[in-house]
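**Q** Can you build the whole structure from these sequences, using the hints too?
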Amino acid sequence: MPSLNPSREQLAAFAEQMPDDAPILMLNLLRYREAADYPADSEHAPCSGREAYRRYSRTALAKVQGVGGRVELLAAAQVALIAPEGEQWDELLLVRYPSKAAFLGMLADPEYRAATVHRTAALADSRLIGCLPPG
1 MPSLNPSREQ LAAFAEQMPD DAPILMLNLL RYREAADYPA DSEHAPCSGR
51 EAYRRYSRTA LAKVQGVGGR VELLAAAQVA LIAPEGEQWD ELLLVRYPSK
101 AAFLGMLADP EYRAATVHRT AALADSRLIG CLPPG
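Everything in the sequence shown is counted per the numbering used here, starting at 1 for the first residue and increasing by one.
Worth flagging that the hints you see were computed from the coordinates, not collected in a lab. Please note that the accuracy of each hint is not assured.
As the list claims (entries may be wrong) - Okay, the calculated beta carbon distance ranges per label pair:
{"#": "1", "residue 1": "P19", "residue 2": "L73", "range": "19 to 27 Å"}
{"#": "2", "residue 1": "A114", "residue 2": "E85", "range": "33 to 41 Å"}
{"#": "3", "residue 1": "P98", "residue 2": "P39", "range": "28 to 36 Å"}
{"#": "4", "residue 1": "P84", "residue 2": "E43", "range": "31 to 39 Å"}
{"#": "5", "residue 1": "Q88", "residue 2": "E43", "range": "27 to 35 Å"}
{"#": "6", "residue 1": "R50", "residue 2": "A22", "range": "15 to 23 Å"}
{"#": "7", "residue 1": "Q78", "residue 2": "S42", "range": "13 to 21 Å"}
{"#": "8", "residue 1": "A40", "residue 2": "N5", "range": "17 to 25 Å"}
{"#": "9", "residue 1": "R127", "residue 2": "L104", "range": "13 to 21 Å"}
{"#": "10", "residue 1": "M1", "residue 2": "Q65", "range": "27 to 35 Å"}
{"#": "11", "residue 1": "A40", "residue 2": "A75", "range": "30 to 38 Å"}
By construction, the Cβ of each residue, glycine as well, lies at the ideal position given by its N, Cα and C atoms.
**A** Set out below in structure tokens:
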């Protein structure tokens, strides 16, 4: 079953389990749709899933930087050696935030929230995993 957006329960668990006073890394696994799936009443022009994700990224990257974060890695996924049969990803994205509060603050930003329509339209499936950097 595709996973595109966190549930309230997942956000609450993230807020409870991630440390308050340390940098965090967010690992994104991304699988794009061939064609973006915007709502029927959307004013957005039809495009590929990758193009819809680029639309999202224009706002998201500014918001990441605005809270003191940065992209650590963006890579094309090639071959999964250990994964359920048939599971594959197009890209992985690793983003560093100065704190859990910075990440959660970005999620609550109205401009960021408005841009997520593009992310949801872009992706066939995704994973978002909170990680702690070494050290």
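**Q** Each hint needs a verdict: does it hold in this structure or not?
**A** Status of the hints after comparison with the structure:
1. P19 / L73: 19 to 27 Å: Holds: the Cβ-Cβ distance is about 22 Å, inside 19 to 27 Å.
2. A114 / E85: 33 to 41 Å: About 37 Å separates the Cβ atoms of A114 and E85, which means 33 to 41 Å holds.
3. P98 / P39: 28 to 36 Å: Distance hint for P98, P39 holds at roughly 34 Å.
4. P84 / E43: 31 to 39 Å: The hinted range 31 to 39 Å holds for P84 and E43, with Cβ atoms some 37 Å apart.
5. Q88 / E43: 27 to 35 Å: holds (32 Å)
6. R50 / A22: 15 to 23 Å: violated (33 Å)
7. Q78 / S42: 13 to 21 Å: violated (33 Å)
8. A40 / N5: 17 to 25 Å: holds (19 Å)
9. R127 / L104: 13 to 21 Å: This hint holds: roughly 18 Å between Cβ atoms.
10. M1 / Q65: 27 to 35 Å: For M1 and Q65 the Cβ distance comes to about 33 Å; the hint holds.
11. A40 / A75: 30 to 38 Å: holds (34 Å)
Figure legend: structure checked against the earlier numbered hints; hints not met, in rising order: 6, 7.
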